[in-house]
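Undergrad: Chains H and V are the protein sequences, given in the same order.
Position 91, counted from 1, in the first sequence is what the working numbering calls 951; the numbers after and before it change by one each time, with no gaps.
Position 39, counted from 1, in the second sequence is what the working numbering calls 369; the numbers after and before it change by one each time, with no gaps.
Because the hints were derived from the structure by calculation, they are not lab data.
All residues carry an ideal CB built from backbone N, CA and C; glycine is no exception.
Check before you lean on any hint, since a few could be wrong.
[What the hints assert, rightly or not] Restraint-style ranges between C-beta atoms, simulated for each label pair:
1) V956(H) with I373(V): 33 to 39 Å
2) V339(V) with V953(H): 20 to 26 Å
3) P873(H) with L364(V): 33 to 39 Å
[What the hints assert, rightly or not] Chain V residues, not near chain H, derived (Cβ > 10 Å throughout):
4) I346
5) F348
6) Q357
7) E358
8) L364
9) K365
10) A368
11) E369
12) V372
13) L375
14) L381
15) Y382
16) F383
[Stated by the list, open to error] Computed list of lysine-lysine pairs in DSBU-like fashion (alpha-carbon distance at most 35 Å, straight line):
17) K353(V) with K365(V)
18) K1002(H) with K365(V)
19) K1002(H) with K353(V)
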Amino acid sequence: MVKSEKVIERVEPASPMAWATAAAAWLVPGLGHLMLRRWGRAALMGGAVWVCFFLGMAMGGHMFSLSTGQGSSALLQVPPMIANMGSGLLYIVCWVLDIGFADDLVQAARATYEYGNTFLLIAGLLNYLNMLDAFDIAAGRKP
Amino acid sequence: MRHFLVMTVFAVLASIVFGSIAKETPQERWLYGLKVFAEFMVIGLVLGWVLYFIP
Chain H
861 MVKSEKVIER VEPASPMAWA TAAAAWLVPG LGHLMLRRWG RAALMGGAVW
911 VCFFLGMAMG GHMFSLSTGQ GSSALLQVPP MIANMGSGLL YIVCWVLDIG
961 FADDLVQAAR ATYEYGNTFL LIAGLLNYLN MLDAFDIAAG RKP
Chain V
331 MRHFLVMTVF AVLASIVFGS IAKETPQERW LYGLKVFAEF MVIGLVLGWV
381 LYFIP
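Make the full structure from the sequences, and use the hints.
TA: Okay, here's the thing in structure tokens:
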């Protein structure tokens, strides 16, 4: 091969099923791997997200949305909101029922408040990793 | 004690996902998961002691 010659790697476009699997994996943690019949991965990876989320709620964590900030500070809510939104349906249900979004001073005074915040953020971020893993498997890019 | 327990639970949950998505064989995944868990714990303890001496 000539030194300047570039190797062009062709990547097959992902099938609609792969995208549907990714969407399911985001919406319900673990569902994407269940659809792929990866029972162990679904239990471990999905279970980790569910446990992380509910521990975060139990510790009094706070979830973020654009309505929790005032003026330009609303923009500061965007990064943690994106992390929270990774939990998919869990985030949506809490948002609809207004659970964990209120600025409650009593809740914020709890010793585990910041731990709860972190667990909720990490639950969402871990689920993004789950979603990407499910997508890669469904698209045939990962065994 | 409670803080340490929370840190341990966090490290376990994160290392489960990290270990599951990385590497090829189950054995490599186990080793990587354990390595990530140990890193979380050690770095957490070191940072805890460093911050303890900072007023």
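Undergrad: Tell me, in ascending order, the numbers of any earlier hints that this structure violates.
TA: The structure breaks hints 4, 5; every other hint is satisfied.
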